[in-house]
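Enquirer: Spelled out from the first residue to the last, the chains are:
Number of protein chains: 2
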Amino acid sequence: MKRVMLTVAYDGTNYHGWQLQPNVTTIESVLNEALSALLREDIRVIGASRTDTGVHALGNIAVFDTQARMPAEKFSYALNQRLPEDVRIQASREVPVDFHPRRQDSRKTYEYKILNSAFPMPVYRLYSHFTYVPLDIVKMRRAADYLKGEHDFRSFCSVYTTAETTVRTIYDINVEKAGDLIAIQVTGSGFLYNMVRIIAGTLMEVGRGNLSPEKMDEIIAACDRTKAGPTAPACGLTLVKYEFTGENGQSV
Amino acid sequence: MKRVMLTVAYDGTNYHGWQLQPNVTTIESVLNEALSALLREDIRVIGASRTDTGVHALGNIAVFDTQARMPAEKFSYALNQRLPEDVRIQASREVPVDFHPRRQDSRKTYEYKILNSAFPMPVYRLYSHFTYVPLDIVKMRRAADYLKGEHDFRSFCSVYTTAETTVRTIYDINVEKAGDLIAIQVTGSGFLYNMVRIIAGTLMEVGRGNLSPEKMDEIIAACDRTKAGPTAPACGLTLVKYEFTGENGQSV
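Order-wise, the sequence lines are chains B and U. Basically our numbering = 1-based index in the first sequence + 236. Basically our numbering = 1-based index in the second sequence + 236.
Isolated chain B (complex conformation):
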């Protein structure tokens, strides 16, 4: 028996998110089906980030156990033959049998894209959120700076969270603009339910002048979801990178 780790990229537009649910197609369900058919075993993957409906990924992580003799590196090729074209394995390799992607120290990088122009642009519509209200990215950057470091992010967390603690660390957060596209890129130790989308929604409120950047301090301190901005739409969000750190992580 061996444990195989997959780096999984997908266009989330046509999926009900990552997690297995009855009667809908999810990333987890298509992975389980393709793997089970390929290996003729009953395969159930364990995912690292259980992304929401409509969220995209360049590199989410899944692991599974198999009796197959095929070298772990070959799974990416074999599996891509069986997956729909909006899901593609980017890499596969063997990991220790006790490796669990949600119990490892890790750094995750998400990107939230906003198209800020007079009219929506069709080729960006699936991968960005559109707003014609002009956003001041200098203010957005100033607001984003308050989020860096270790904080209790309860104000930036869906009230439906089941997390034991709402303390997280943001290592880095950047707001960049290229043409009409604004990208908020954030790297952290972990993210609470809807946290990146609430950060994006709050930074947009700052960008359009409804909140001053300096208000961020108060919003964080309040530990109250109602103080932050709205949850920005899912289509703008992409899980860019999932890196394992620490002792166990460096070995995989």
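Treat the hints loosely; a few may be bogus.
You can't tell identical chains apart in this list, so a pair holds if it fits in one copy or across any two.
Claimed, not checked - Cut-off 30 angstroms, straight-line C-alpha distance, at most; resulting in silico cross-link-like pairs (DSS-like, lysine-lysine): (1) LYS310 / LYS413; (2) LYS413 / LYS238; (3) LYS349 / LYS310.
Hints are computed from structural coordinates only; laboratory data are not their basis.
Assemble chain U onto chain B, guided by the hints.
Expert: What follows is chain U alone, placed relative to chain B:
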């Protein structure tokens, strides 16, 4: 009566190209339908670039005549309410009644995108052509340089062309790489049928080492479609910009 010019952006994935054809949905057909319904007149647009099935545009041009009193600038807003979300008007304005978009001097800019990585990336799949064969962009740039200027581009033109002359001028052509995405951007006085896709296909042959950059001279001189590379797939192509130049153009 006035003539209105529309700047039209679209995701070509779900369309049988620009041009009106029986029994299929085209960009021209959805524009005619939306305009006719909005204005309660029988509207038929005249398009500038009749892009192929699957080709995208950030700024194609269409003009039409109407009796409507609505200021030309307002058409973009009203029309976007009635168009499918993969077609969006970026601008509308009045032009002289004798303005014909295909009879004006103009500069067109196209971009051909190639994803050059080990595996396809789902979020890029609709707007780029994927190849895992490593492409040498230094060689591709050297080859592209031969195309600059005025040439008879018969070798880079579908044999199904109906053009009177195959002489065209390329003002600029650049090959850039950002991450795994290669972009060939080309600006010219006009392009023959499939010309940009044949240029892209030929530069890819150079990039993978099947053709030396110096061969481009011979390929151009041959005036023979069979000497150039294959026609690259439509999904990688985007009409970026359409600019009107010259006396009449400057007035619009």
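Enquirer: Confirm or reject each hint.
Expert: We went through each hint and held it up to the structure:
1. With identical chains, the CA atoms of LYS310 and LYS413 are at most 30 angstroms apart between copies only, with a shortest distance of 28 angstroms across copies and 39 angstroms within one.
2. Taking CA atoms no more than 30 angstroms apart as the test, LYS413 paired with LYS238 passes in neither setting, with 44 angstroms inside one copy and 38 angstroms between copies.
3. Taking the closest pair of Cα atoms, LYS349 and LYS310 come within 30 angstroms of each other only across two copies (28 angstroms); inside a single copy the shortest separation is 33 angstroms, beyond that limit.
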